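A.B. asks: Chains A and B are the protein sequences, given in the same order.
Note that the first sequence covers residues 3 to 111 in the numbering used here.
Note that the second sequence covers residues 8 to 121 in the numbering used here.
Everything labelled a hint here was simulated from the structure, so no lab data went into it.
Source: prediction; values computed, not measured.
Built from N, CA and C at the ideal position, the CB exists for glycine as well.
There could be a bad hint or two in this list.
In silico lysine-lysine, DSBU-like type, Cα no more than 30 Å apart, as pairs [unchecked claim]:
#1 B:K27 x B:K71
#2 B:K48 x A:K110
#3 B:K48 x A:K5
#4 B:K21 x B:K48
#5 B:K73 x B:K62
#6 A:K71 x B:K48
#7 A:K5 x B:K62
#8 B:K27 x B:K73
#9 A:K5 x A:K54
#10 A:K71 x A:K5
#11 B:K71 x B:K21
#12 B:K48 x B:K73
#13 B:K48 x B:K27
#14 B:K71 x A:K5
#15 B:K27 x B:K62
Beta-carbon label-pair distances, calculated as ranges [as the list claims (entries may be wrong)]:
#16 A:E16 x B:S25: 41 to 51 Å
#17 B:H92 x A:P23: 33 to 43 Å
#18 A:G102 x B:Q36: 22 to 32 Å
#19 A:N21 x B:L83: 31 to 41 Å
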Amino acid sequence: DAKTTQPTSMDCAEGRAANLPCNHSTISGNEYVYWYRQIHSQGPQYIIHGLKNNETNEMASLIITEDRKSSTLILPHATLRDTAVYYCIVRLRVGDMRFGAGTRLTVKP
Amino acid sequence: GAVVSQHPSWVICKSGTSVKIECRSLDFQATTMFWYRQFPKQSLMLMATSNEGSKATYEQGVEKDKFLINHASLTLSTLTVTSAHPEDSSFYICSARIFQETQYFGPGTRLLVL
Chain A
3 DAKTTQPTSM DCAEGRAANL PCNHSTISGN EYVYWYRQIH SQGPQYIIHG
53 LKNNETNEMA SLIITEDRKS STLILPHATL RDTAVYYCIV RLRVGDMRFG
103 AGTRLTVKP
Chain B
8 GAVVSQHPSW VICKSGTSVK IECRSLDFQA TTMFWYRQFP KQSLMLMATS
58 NEGSKATYEQ GVEKDKFLIN HASLTLSTLT VTSAHPEDSS FYICSARIFQ
108 ETQYFGPGTR LLVL
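Turn these sequences into a full structure, and let the hints steer you where they fit.
C.D. replies: What follows is the structure, given as structure tokens:
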């Protein structure tokens, strides 16, 4: 599975959009980009995933660059409850989910 | 999304005893289940992968005789930590998946070995 690089930490003001970047320059053509988050002392929560096209659901939007070497997770209106560690994972459809260090997002009032 | 439960949510045991953690997929049948371990201030580390009715596949460095995994049905997997020691104290998280679909995670079980 391709390796991902994420910033260690980010801050965001409550009510503003949170844009979390992820680099995956070695991604292969059949690897998906998954995003999960982990709120303190809980199991990871699935957010969204995509292959090539941008995706949107009730939680977030995923923007994947045309060359697929990077992506951005967008939380459109961040709330205090969105404070968590966000993990970007690249995985084959049949592969295991392996976690890196993630980005610690702090939403501030 | 699909729901995965774990029981117990936390457990305290004496050194040398065995502890069993259950993982259930509540509203779907999981062809594959995964067990992870997370130490304080660290990321999740995959311990093993199991398919229903098959032996689990353990990650390098994970002792299969110490961490017994049973995936007896499409909705239940158990992890037994045998002869637990203080260094086994950790946050254990299971995950379940239907074929090649999205993995969903349980809430985790916090184990403290005294």
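A.B. asks: Hint by hint, which ones does this structure get wrong, listed from lowest number up?
C.D. replies: The structure conflicts with no hint, since it agrees with every one listed earlier.
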